[in-house]
Amino acid sequence: MWSTALTSGYYPAPSMTLPFLSAPRWTRLAAVAFVAVLAPLCFLGPGTDLDTGAVLHAGDRIVHGAYEASRAPGAPVHEAVTGVLDWALGGWAVNLASLAGALVLCGALWLLLDREGVARPWLAVAFVAASPWFQIASTSTVDFVGAAALLVCGALAVRRNHPVVAGVLCGLSVGMRMSGVLIVVAIVAAEATGRDAHRDRALRVLVVGGIVGMLSFLAPFLAAHGSMAFAQNDFSTTTPLSHLGRAFAKNVAYVGPVGFVLVLFAVPALWRLRLVWSDRWTVRFASIGFVLSEALFLRFPWKLGHLVPAAICLSILLAEALRDRRVLLGAIVVAQLALGAVNVEFLRPDVPNLAQRAEPTLRVGFGPLVIDTRCRLDDKDAARSGDIGRLETVWNCARPWGNGR
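Read left to right, the sequence shown gives residues 819 to 1223 (the working numbering).
None of these hints come from the bench; they were simulated from the model.
A virtual CB, placed ideally from N, CA and C, is assigned to each residue, including glycine.
Any given hint could be a false lead.
[Said to hold, decoys possible] FRET-style restraints, in silico, Cβ to Cβ:
| # | residue 1 | residue 2 | range |
| --- | --- | --- | --- |
| 1 | Thr1055 | Val1182 | 14 to 22 Å |
| 2 | Ala1176 | Arg1117 | 14 to 22 Å |
| 3 | Leu907 | Asn1214 | 23 to 31 Å |
| 4 | Leu907 | Ala851 | 24 to 32 Å |
[To be verified] Simulated crosslink set (SDA-like; lysine to any residue; CA at most 20 Å straight-line):
| # | residue 1 | residue 2 |
| --- | --- | --- |
| 5 | Lys1198 | Val855 |
| 6 | Lys1198 | Cys1215 |
| 7 | Lys1198 | Ala872 |
| 8 | Lys1198 | Glu1210 |
| 9 | Lys1198 | Gly908 |
| 10 | Lys1198 | Phe861 |
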């Protein structure tokens, strides 16, 4: 079936109406519920991420005509947006901008998959949006969701034959979060290969995106006195096996243990996608993007928000692989929704974020979204206090395997 997918009519034609309007009613209700539930969280302070205080400080410096990176290598686009919104309206506006970015991401992903003939694209969107880690990032002063939204919009633009627009969006995404360059590589590689290759479009995206991305980092470069010192980081490394263990544990934590087991049932179908590699742009893009994102996370297995690009790519692959098994994909979505409220731990690291080993356990407790909300309520002003101790307390409360369970 997979080898003749295109000629047999297995891939449906794109919708002739707005996808959101042609989707099942429950998806529209789910979108409204998504906003209704998450919008109030935007008013609970900048969030529990350890970098929020530094981002707010960097934004304030930009507004006052100077530049100081929030952390290496800097995130000048996000820092600038944060500074302007925080100065003009307040921190709640920055968080609402993150939520708006989440909506744009979901809408662009829906349009992209509908254009590429993916069956039931709303299930792929639901997979992304149902994650409590995505929801936390969507209501906080962090760059994960905004950067990913620009990348998905860039992918949609290039597939609609607007390579210059795609390049600008991809470049801005890199300026918002440098790791986005890996997804840009995936977009360009998918566009330049396969039976439907458009190498001229791929080249334009690469050139324009490269120029915009480099210009975005002009401020960090100049702040480092014209050197590459701005790109140096102090992330500690340990043995490859420890990195592999941390990355694996946090990938499981992202989808939850139940969701992870359900994803394992999809592995045979995911493996069969290799048969349509040359025919399906979505398969090429998502496969390359997933591998590159996970490789980077293997090197820096820290925050779960770093897995948002990998989750987007996985959602596309699952939608392609499970087009005849929507119940399984729906079950994965439900498992992630439940994870936000209730979590089951089977492993617990000796030292979270610095683990060398993990002990088997069985613990049922609150899910990440509930814990994050409680930790935000404990100290909404920690990020603005300038007290790193308060910020670390909030971070240690909300992080995976933290003390806020």
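We went through each hint and held it up to the structure:
1. Thr1055 with Val1182: 14 to 22 Å: violated, 34 Å
2. Ala1176 with Arg1117: 14 to 22 Å: With Cβ atoms ~20 Å apart, the hint holds.
3. Leu907 with Asn1214: 23 to 31 Å: Roughly 30 Å apart at Cβ, these two residues keep to the hinted range, so it holds.
4. Leu907 with Ala851: 24 to 32 Å: holds, 25 Å
5. Lys1198 with Val855: OK: Lys1198 and Val855 at ~18 Å, within 20 Å.
6. Lys1198 with Cys1215: holds, 13 Å
7. Lys1198 with Ala872: holds, 15 Å
8. Lys1198 with Glu1210: holds, 13 Å
9. Lys1198 with Gly908: Holds, at roughly 14 Å.
10. Lys1198 with Phe861: holds, 9 Å
When held up to the earlier numbered hints, the structure conflicts with hint 1 and nothing else.
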